[in-house]
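Protein sequences appear in the order of chains V and G.
Take 1 as the starting number for the first sequence in my numbering and just add one per residue.
Take 1 as the starting number for the second sequence in my numbering and just add one per residue.
What the hints contain is simulated information worked out from the structure, not anything from laboratory work.
Incorrect hints may appear among the rest.
[Stated by the list, open to error] Here are the computed lysine-lysine pairs in the DSSO-like style, where the Cα-Cα straight-line distance is at most 27 Å: (1) K62/G x K662/V; (2) K723/V x K742/V; (3) K35/G x K611/V; (4) K133/G x K164/G; (5) K586/V x K723/V; (6) K35/G x K662/V; (7) K662/V x K66/G; (8) K964/V x K1049/V; (9) K742/V x K35/G; (10) K390/V x K66/G; (11) K62/G x K390/V; (12) K742/V x K66/G; (13) K133/G x K388/V.
[Said to hold, decoys possible] Quick list of the computed label-pair ranges, beta carbon to beta carbon: (14) E134/G x D446/V: 42 to 48 Å; (15) E546/V x D126/G: 26 to 32 Å; (16) K1080/V x E134/G: 34 to 40 Å; (17) T4/G x D561/V: 52 to 58 Å; (18) R638/V x L69/G: 24 to 30 Å; (19) Q550/V x L69/G: 40 to 46 Å; (20) D852/V x L69/G: 31 to 37 Å; (21) L69/G x Q636/V: 26 to 32 Å.
[Unchecked claim] Residues from chain V that face chain G, not an exhaustive set, calculated with beta carbons under 8 Å: (22) F563; (23) L653; (24) S654; (25) D666; (26) G743; (27) H747; (28) T748; (29) V755; (30) N946; (31) R950; (32) W1028.
Fair warning: this is a prediction, and the values are worked out from it, not measured in the lab.
Idealized CB from N, CA, C, for every residue including glycine.
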Amino acid sequence: MSTAGFNSQNGTGTGQTYTNGPSQNPVALQQPPGVGYGMNHQPAYNPMQTKVLGPPSPALYASGPYQPVPPGPQLGSYPPPPAQPLLTRPPIGVLPSHTPPQSASPGPGPRQAQATPPAQATPPPPAVTSTSYYTGPPAWQYAAPRGPAPNHVNPAAAAPPHMSHGSAQPPGPGAPPTSIHGYPQPGTAPPPMNPPPPHTYQPNRPAYGPPPTAPPAGPPGATGTPPPPKVDGDVAGNGPQAPNSYNHVDNRMAGAAQPGPPGRHLGHYPSLPPGYQNTLAPPPSSLHPALQAATQPYIQGPQPYQQQPGGPGPDQLSPSMAAMSLQSGTPEALRVVNLLQERNLLPPAPVPAPTPCLTQDLQKLNCSPEVFRCTLTSIPQTQSLLNKAKLPLGLLLHPFKDLSQLPVVTSSTIVRCRSCRTYINPFVSFLDQRRWKCNLCYRVNDVPEEFMYNPVSRSYGEPHKRPEVQNATIEFIAPSEYMLRPPQPAVYLFVLDVSHNAVETGYLSVFCQSLLDNINALPGDSRTKVGFITFDSTIHFYNLQEGLSQPQMLIVSDIEDIFLPTPDSLLVNLNECKELVQDLLKSLPNLFEKTMETQSALGSALQAAFKLLSPTGGRMSVFQTQLPNLGVGALQSREDPNQRASAKDVQHLSPATDFYKKLALDCSGQQVAVDLFLLSAQYCDLASLGCISRFSAGSVYYYPSYHHQHNPAQVERFQRDLKRYLTRKIGFEAVMRIRCTKGLSIHTFHGNFFVRSTDLLSLPNVNPDAGFAVQMSIEENLDDMQVVSFQAALLYTSSKGERRIRVHTMCLPVVSSLSDVFAGADVQAVTGLLACMAVDRSVTSSLSDARDAMTNAAIDSLSSYRQSALTIQQPGLLAPACLRLFPLYILALLKQKAFRTGTSTRLDERVFAMYQLKYQPLAFAMLMIHPALYRLDDLSDEGALNINERTIPQPRVLQLSVEKLSREGAFLMDAGLVMYLWIGRNCHQNFLSQVLGVSSYAAVPEKLCLLPELDTAESQRTRALVSWLRDQRPFFPSLHIIRDESQLKPHFMQNMIEDRTESALSYYEFLLHLQQQISK
Amino acid sequence: MAFTFAAFCYMLALLLTAALIFFAIWHIIAFDELKTDYKNPIDQCNTLNPTIEKVKKIKRVKIAIKLVLPEYLIHFFFCVMFLCAAEWLTLVLNLPLLAYHVWRYTSRPVMSCPGLYDPTTIMNADILAYCQKEGWCKLAFYLLSFFYYLYGYTAFSAICLTLKIMQYLENIHTF
């Protein structure tokens, strides 16, 4: 291949490709024409430029996670480039440097004392520009590891460790709260480490500073110091040290031993847990009397209990203090936490993803945890080790996530392993210039001639510097071998319920208006087609053919044997017939205003729509407002309202008929995806209807009690969701294949798709908001491997008719000891995967079974930790620090809408919650499982983020317990799909007037769903926070402002997971239950 | 009487069991193919292009999955035959499998058409492993019962033969 070839391809490639939706690569716009490979990520990237067609909200959402902020601002110790106003959440960025001192001592096995390099950061060397996408911490989960990262390539970082600690501290706004609560390090995220040779690093040794060109991870003493910073060389050369590499004891504060312990003291329960003491004192009184009553048991609970752990010694602090001193050699993630004694476990900011213990080089290249996450960041060597750990092994993926920086490669040949078809990735090893070894199947492949040329550096003979080998997330423009048929055009078909019930809800006008507003923003090209079908007891088609003066409605009343009246003119080219479409959309709401038809023949309408779409494939959006009760696919109401609150098993979680499933499979075969919008007050049997989306890789939206007048919050949500839905990026006729290193195999998939073969998912449509989970098992022992890799390749047709492949590769270390497995556990991912498994279990078996399984998961893993990984036995419920939130999350799951019993839950809402748990990417699913609670009345700019000149305050995340509420405050609960702003009865007058614009508590309206736009600092801060939270997710959470008397208050209180309800245990009781089970 | 009803039953069961063995083998192959689909990568270079090979494979899997119901019916059929022939021991030996079949079919996923396997869950590793195991167990059972029927058939034939010979001898003696 020649230079010219690349350049021209890239020029056009980048130009065309970023057209649709927020993930479009701004680089294309900024690049000088000559460079245009789509690879050089300029650090100064304005997210607003990403938006070509998309609306502002998706754009903001998209830009959130991958903002290419230079690593500096987090640490504050190196000057941020002037043009970087963006900051990711600072507290976490700072936090690693406040880690309690953990002087490394030789642990079991090969661990050695070592010093983490100082936290003084310097910009990454210029040589790695093409990876700046990764060096810029994109979001907070990603920020934590960034601190130390640059050190290893920094020759000048010679400051002694404690000095750097000092220098890192000042800019840390998060410091005070963390030290109070005794968890300076929020993280399950251990700082990434180099694998040090045993004798190399002494605590006081200045940073180990190989010159930037030397392999940073290459231990000087190691025999095979790899040649130039070649990724693959590192795999080979540093591989042997990988087992050690988890030894990331954070020693950078060896000089400053004090800060840690005091924090712990504060974090402990003195004689009574401080949290519980609060309830003894005149309670913060904003409590509802009933809730106060509910919290009473706490008080009795802990008191007698406190004697137990104290049994051996009267001093309450002794057990864990002893543990600390004895276990001080273990990494932070393995620090023993006595859950019964330490109360404030929740980090002040969202929990970051743990960093796999890989060498710096590998970790730098590794896939973003937002895209690809594994429940165990250290893969156990054998299945028996995995079984011993009792933790599920699996991946959580968000493969089509909107990325603001995505390298795109146009190349006539895509380099893949000849044996297993793995795409070349950063974790392969180059044996020499001409040969590379696949990291999945270990076959040695040839490097094709054209791969020798590097378009980024425009040099020849450096295949390891190609973008494919420098980026774990990359997109290829696929040549024609990847096409079964010519790429399909974007085809959108809208199937609308127009029965009396539907007209009553008034959704039709909202839909038509939204589509009218966004009709030009629909992703697509000149071939884009649209069509409309409406249905009640008959099916109505709309002839929109060019040349007609107005849309023609064709009614088919033979719903038993559906046919298309005029097959050619029902789906029309959007550009050619835009006027007619607009006419139709304007007239549709009025057309059915007076309809009296109450029946709904959804099944037939779907069949008709399938017939219409099957020649091309495309997207079918179905809007349904009632139970389909006519023709094929008719359903009966299966819900017994009296059983909603029953503590017994919930019935009817599985579909009543397989009609929808079969139709979905037909759709899947014809590349048609069905998205279901359910707007209904009554039971709609989502368990049956949902199958249509689930197996055709669609998405399900549910708006319970939707009404255009009575429920403005839902209307707003519907509007915003529709806007995002209509304008978001879309991939057609997609398949996703997940490959993993030989020895690992895929067990089960979770999400919306059809599994076509053991590792292949058929996704008629793929959208950027879809998440997937994969359970893995270890079939063969991974004995002689240091690392394993996972690769997800998503092949899709973009809305512009381009065939593209997006490849994500993740590399994880293999460990052989149980404590290492525990040290690498990612508690959020584990919870997410368990939730998916529990959903399956409750459908195939029963809900109580699923609940038991979740509780057992917590019991088993903690008892296995106690028995096998813990060296010192001590009383209490012990967990490694990285799993300290596990019981809390399990309890949250048990109290989640999907799995709760005893609380009145509509069947549809329950099923929808189950769908959400399976379908939402982990970050959003976690919010639905464990909502975030913030105090809003004392927001300050301290530690605030600055995004686009907006200041976004970052309040602490509070525990979900009524004890954290106070009558004087106002609290925001962010539960994913919904937010509650709870106003205390004695809320500060200031807050009421400045933020809500009302004079007194009594004047707060009963149903308030939005914050008034007042020109006060408080109002601005509050609104900035709320809108920032909203912008971070692809769906629109509605906000409810509630008072003590509000109807929604029970919903708010149900999310107080740590408290006791009539039917569920409090967190403390749950812990006691776990402990009882473990000690059995 | 040349041929008792029981002997006829055994002969029929023998033939039908041969067919069932064939079904079981097909079943095993089908699920193995489903499972190891991806492990034969070189000729399957492009997963998207369903080569003729693959289509054939899919057909074979479909046929195998369709064979489930005939298998159940056949087994049920000769169980009834044994009942009629009052071959109690043989019937008792077959009852567990019959009960298993009834249980398996009643606990099948919701389906409007006859069938046992849900294409959406069949790729689940647990179910796949279960089905494979089921196939092997059945194969073993059918093989054993094949020899049992063979034995039964020959035994009956032998009895008939000896009876016949004895009759014949008696006839001779009466002469």
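Now the hints, each set against the structure:
{"no.": "1", "hint": "K62/G x K662/V", "result": "holds, 15 Å"}
{"no.": "2", "hint": "K723/V x K742/V", "result": "violated, 43 Å"}
{"no.": "3", "hint": "K35/G x K611/V", "result": "violated, 32 Å"}
{"no.": "4", "hint": "K133/G x K164/G", "result": "violated, 45 Å"}
{"no.": "5", "hint": "K586/V x K723/V", "result": "holds, 17 Å"}
{"no.": "6", "hint": "K35/G x K662/V", "result": "holds, 22 Å"}
{"no.": "7", "hint": "K662/V x K66/G", "result": "holds, 16 Å"}
{"no.": "8", "hint": "K964/V x K1049/V", "result": "holds, 16 Å"}
{"no.": "9", "hint": "K742/V x K35/G", "result": "holds, 15 Å"}
{"no.": "10", "hint": "K390/V x K66/G", "result": "violated, 38 Å"}
{"no.": "11", "hint": "K62/G x K390/V", "result": "violated, 37 Å"}
{"no.": "12", "hint": "K742/V x K66/G", "result": "violated, 33 Å"}
{"no.": "13", "hint": "K133/G x K388/V", "result": "holds, 25 Å"}
{"no.": "14", "hint": "E134/G x D446/V: 42 to 48 Å", "result": "holds, 44 Å"}
{"no.": "15", "hint": "E546/V x D126/G: 26 to 32 Å", "result": "violated, 53 Å"}
{"no.": "16", "hint": "K1080/V x E134/G: 34 to 40 Å", "result": "holds, 35 Å"}
{"no.": "17", "hint": "T4/G x D561/V: 52 to 58 Å", "result": "holds, 55 Å"}
{"no.": "18", "hint": "R638/V x L69/G: 24 to 30 Å", "result": "holds, 28 Å"}
{"no.": "19", "hint": "Q550/V x L69/G: 40 to 46 Å", "result": "violated, 54 Å"}
{"no.": "20", "hint": "D852/V x L69/G: 31 to 37 Å", "result": "holds, 35 Å"}
{"no.": "21", "hint": "L69/G x Q636/V: 26 to 32 Å", "result": "holds, 27 Å"}
{"no.": "22", "hint": "F563", "result": "violated, 22 Å"}
{"no.": "23", "hint": "L653", "result": "violated, 12 Å"}
{"no.": "24", "hint": "S654", "result": "holds, 6 Å"}
{"no.": "25", "hint": "D666", "result": "violated, 11 Å"}
{"no.": "26", "hint": "G743", "result": "violated, 13 Å"}
{"no.": "27", "hint": "H747", "result": "holds, 4 Å"}
{"no.": "28", "hint": "T748", "result": "holds, 5 Å"}
{"no.": "29", "hint": "V755", "result": "holds, 4 Å"}
{"no.": "30", "hint": "N946", "result": "violated, 46 Å"}
{"no.": "31", "hint": "R950", "result": "violated, 45 Å"}
{"no.": "32", "hint": "W1028", "result": "violated, 39 Å"}
Violated hints for the displayed structure, listed by number in ascending order: 2, 3, 4, 10, 11, 12, 15, 19, 22, 23, 25, 26, 30, 31 and 32.
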